[in-house]
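Residue numbers (my numbering), protein chains in the order written: chain A, 1 to 531; chain B, 1 to 194.
Read the hints as simulated data drawn from the structure, not as lab findings. For glycine and all other residues, C-beta sits at the position ideal for the given N, C-alpha and C. If a hint is listed, it holds; no wrong ones were tucked in.
Footprint (simulated), chain A over chain B, 3 or more residues, beta carbon under 8 angstroms: (1) 2-14; (2) 59-68.
Some chain A residues well away from chain B (every beta-carbon gap over 10 angstroms; in silico): (3) Leu48; (4) Gly60; (5) Val99; (6) Ile114; (7) Gly253; (8) Asp421; (9) Asn513.
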Amino acid sequence: MDNVVRPTRSLEDRSRRRRQRFTEDKLVKIRTEHNNIGVFKTLLAAFLILAQLGIIIALGTLPIFTAALGWYLLVLILISIFTAFSVLSSHRNNQAKAVWVIFILVFFFCGFIIYFMSNDKYMYARARRRHKQIFARSEKFMPKHDGVNVSPDASQTCSYLNNAGNFSSYNNTRLQYFPSGAQLFDDVIENLKSAQSFVFIEYYAISDGVLLNRIWDVLRQKVKSGLDVRIIYDDVGSRAFSHAMRKEMRDAGAQVRVFNRLLSRFTFAMNYRDHRKIIVIDGKIAYTGGSNVADEYVNEKHMHGYWKDTGLRMEGEAVDSMTLFFLRQWEFITKQKCDYSPYFGLYDRFESPGAVTPYVDGPEYELTICKSVFESVISSAREKLYIMTPYFIPDDSVVQSLINKALSGVDVRIILPSVPDKYYVYLVTRDNAEKLIKYGVKIYYLRDSFVHSKLVITENCAVVGTVNFDMRSFYQQFEDAVFTDDMSVVAAISQDFENTFPDCDKPAKAARNGLVKTVAIALLRFVSPLM
Amino acid sequence: MSKDYANYDYLAVSVKSDQLNRILQCYRALGWTEVKTEDDRDYYDMKYVRLRRPHKITNKDRLQYLQVRMERAINSLVEISNRAHAKSKAALFTALLFAFAFIGPGLWLVLAYDGLISALGYICFGLAGVIFIAAAITCPVMRRREQKTAKGKIIEKLRLTQSLLEEAALLVPDEPTEEDGLDEPAGGEEVLNG
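Take the sequences, apply the hints, and build the full model.
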């Protein structure tokens, strides 16, 4: 018996091969966020390893170089030891340090090369200096907001954000939570129709498809009428953003720029991706959340089951921060000084009881802001702590905080996907999550779905944004999020959680793995700090 | 046929010809309407169906979720059927492999040697026979058990599909409203089938 239903996209998509009997066993076999750059880097690493081995073999076999071999190996070992010390004295997390030291010393003939090529201290130093210059210049344009009313429970996190990254907190901001990507983008398109002066779009993944066409149908008219449309997309995330589409946008008058193209190909630091999702319309409305501009995020296409995603709309004072984040990145990419002043203070004022603090994180900051905010929010939970994340590979300190909260009687629940997008990451995610069950953490798997939402709420505050519970989000990617104590949003998100729980499977205890799976998980866990 | 993406969502599915009506009923329950049905270009035993639904249909998120679950449940019926006897087949294959592994050397020992060594060959034959008999007894038993398990799983999936569709029927508005973005099919181009 063969599959009876096979969703297909269009007649044009299908190959024109000879008609045959349908024998496929699977529903869909497409993947997003796939990383061809990874293949390139793997080949580059393999080449370096082989080149080094070639040199060593040549020195060992050719009689005239035999004496040189010993010296060559000694130099390699000394460099490796020096590099290992360098790793130990770095500001990485301890797990990552351990993995790197072992890797460098075991593969002493090439490990240090790969380490230096993936080290942001060396590969990202110039970029970081430029970021600092842009930060210093752009701060002057930001209107100051003093005397912000923040609830006592949220005040510590707001203070941390204010001091760590100079992120302002705002009142007078209206928030709207969207429990799905489809609802988010319907709202985006409605508001794009009334855009009058500028639209800023910064996305990790922009892909050709129905959603992009819907957005572009609106923007095309706007660009023709003189609207300033600027788009930043990430080179790795937006592999399906076609050259033809970009050309059409540029020809129409939109400014479309790519983030981090060269760096992604020639360093091993493949995780320096612009994972942010920001839309700013006229300085009056801003959006963020988990959804990218691609069909699967609005369930136009089903790639890993149902795609659960979320988003947040801001109107009011806090939009200035999102504008600032976009313009900084724009200035960084274009290398042209930007006049920020025309883009601030354009918002309408809204009376709102809560405080809103938009923030970003990335290699341009020395502190791990996203991780610290999560830790702060976790520690502030008194009654409940709900988390929704696609990946769960945090470091020990976050895990320990969750365990402590659960043992203290806080209702800790984590919603994860039941359908993986990356199987090896999912193996570790499940294993990490299920190990918490015995401490009282409740783990939920949303049936037949891939959960891509990135949410953390307690009884008094919420974080909505692009930050996953993994090392890449904590240490390497450019992320953005919004921290708020606005109880209307907290209630809306809480309701979304409550609506989602009945559709989840909740294991009573950790699953027992077979030998092969156990070994695979052990190996993956070892390298998980680098994932 | 031009598509009105502002007001409609479109879906194209390839469906097994003999299951067309049943599958279309499922999609109708989820608010989809057939626009066109034609022979699949790639597969002679499939029909290619184009469907559409108002873009702003009420309860869209829930309907999308139910649709995905329904599609996965329906396709899992195929997987369950295809893999129903996987273990018994593997067991039979392994038994045959072992049996022949004994027969080969046994034949060689019987034909090439006399006396005690030749007797070892007959022992090998005996072991192969035992394996054959064990496989002949256990494999049908395993097969029956697997069939029972598969049947249970299929019933479970069918019940799930039924419950999903019942929930969908409650969510889909009976009469499409203008707010849903539904209008008359354009210019009589669309042929309703099913």
